[in-house]
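Novice: We have chain A already, so just place chain B on it with the hints.
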Amino acid sequence: DTAVSQTPKYLVTQMGNDKSIKCEQNLGHDTMYWYKQDSKKFLKIMFSYNNKELIINETVPNRFSPKSPDKAHLNLHINSLELGDSAVYFCASSDKWGGEQFFGPGTRLTVL
Amino acid sequence: TQLLEQSPQFLSIQEGENLTVYCNSSSVFSSLQWYRQEPGEGPVLLVTVVTGGEVKKLKRLTFQFGDARKDSSLHITAAQPGDTGLYLCAGAARNNNDMRFGAGTRLTVKP
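Line by line, the protein sequences give chains A and B.
Just so we're aligned, residue 16 is where the first sequence starts under this note's numbering, counting upward by one.
Just so we're aligned, residue 430 is where the second sequence starts under this note's numbering, counting upward by one.
So here's chain B without its partners, still in its complex pose:
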């Protein structure tokens, strides 16, 4: 069983602070995706990383894929209340047709 562990589970910060959330696994993934889900809605894709060591930036969000393709991080600079939501990582492993989501990090940014 390939598990994706996300940490922290909950994070509450003030507007303007920086934060990093993590997605870790003991298994190698062919690709890893980050999604954000708001209450009452489905998850929305933020980014897909496929190459070990890859870094992608999306405005104030920076995503990194570990060199061994087993882990990833999401860093948010100068968080805003609009960043509030549930952040989910998902990994796809083609060799066994497996795809899993992490349990998510629930982020609250207070104004």
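Okay, chain A solo, but in the shape it has when bound:
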């Protein structure tokens, strides 16, 4: 069983569209994260959720919104996609905030 899974793996869309990326973890972890990795491979944290409460909200545009229907899921919704949103987005989870993180396989988003 995959510990942290993301769907879709690839997402190609037009500017201005709204899209969602789903993330699920079956590890029973309390904290989940979303990261953005740009073309230079710099990994930047976007959000983290601990027991469904937002802990960190980096200075990301409010077009990005995390949604957590339950402890095992943290989805990322993006409104009005822009060219600069093109990147690989990784979901991760840990048993506690700041603990060992298990990463998903990533979602490569391309905005045309």
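Derived by calculation from the structure, the hints in this document are not laboratory data.
Every value quoted in this text rests on a predicted model; they were computed, and no experiment measured them.
You may find that some hints are simply not true.
Reference listing, derived: stretches of chain A covered by chain B, where coverage requires no fewer than 3 residues with Cβ under 8 Å from a Cβ of chain B [claimed, not checked]:
| no. | region |
| --- | --- |
| 1 | 53-65 |
| 2 | 107-114 |
Reference listing, derived: stretches of chain B covered by chain A, where coverage requires no fewer than 3 residues with Cβ under 8 Å from a Cβ of chain A [to be verified]:
| no. | region |
| --- | --- |
| 3 | 452-463 |
| 4 | 468-479 |
| 5 | 490-501 |
| 6 | 531-540 |
Even for Gly, the Cβ is constructed at its ideal location relative to N, Cα and C.
Specialist: Structure of chain B alone, referenced to chain A:
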């Protein structure tokens, strides 16, 4: 802003050589982690260090956390092509709920 600076940014060596990569910050971290990322995959944790001065060994990899918990190093002995990848350090600072990754060291080990 707590920045984690990794050096070198790129490193290309021959199989069998030793190497050290560094992760430095001006801030104190409650814990520091090292990850390795291969192309097309997510980062995978190698080690977590939490105590100043701590040294951990993982086969040919030796990790050290600075006494002041502001920096860390990763030493690889007798590097192998399978060690090729992007090595990332990540620091967690509980006092301000901050967690950051360094920009990474891209290691290439040539056979």
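Novice: Take the hints in turn and mark each one as holding or not.
Specialist: Hints, verified against the model:
1. Using a Cβ-Cβ cut-off of 8 Å, 7 residues of the region 53-65 of chain A lie near chain B, which meets the minimum of three, so the contact claim holds.
2. Remark: the region 107-114 of chain A is confirmed as covered by chain B, as 4 of its residues place a Cβ nearer than 8 Å to a Cβ of that chain, reaching the required three.
3. Check on the region 452-463 of chain B: 3 of its residues sit with their Cβ under 8 Å from a Cβ of chain A, so the three-residue criterion for coverage holds.
4. Counting residues of the region 468-479 of chain B whose beta carbon lies closer than 8 Å to any beta carbon of chain A gives 7, which reaches the threshold of three, so the coverage claim holds.
5. Counting residues of the region 490-501 of chain B whose beta carbon lies closer than 8 Å to any beta carbon of chain A gives 0, which falls short of the minimum of three for the stated coverage.
6. Residue count for the region 531-540 of chain B with a Cβ under 8 Å from a Cβ of chain A: 3. That meets the three needed, and the coverage hint holds.
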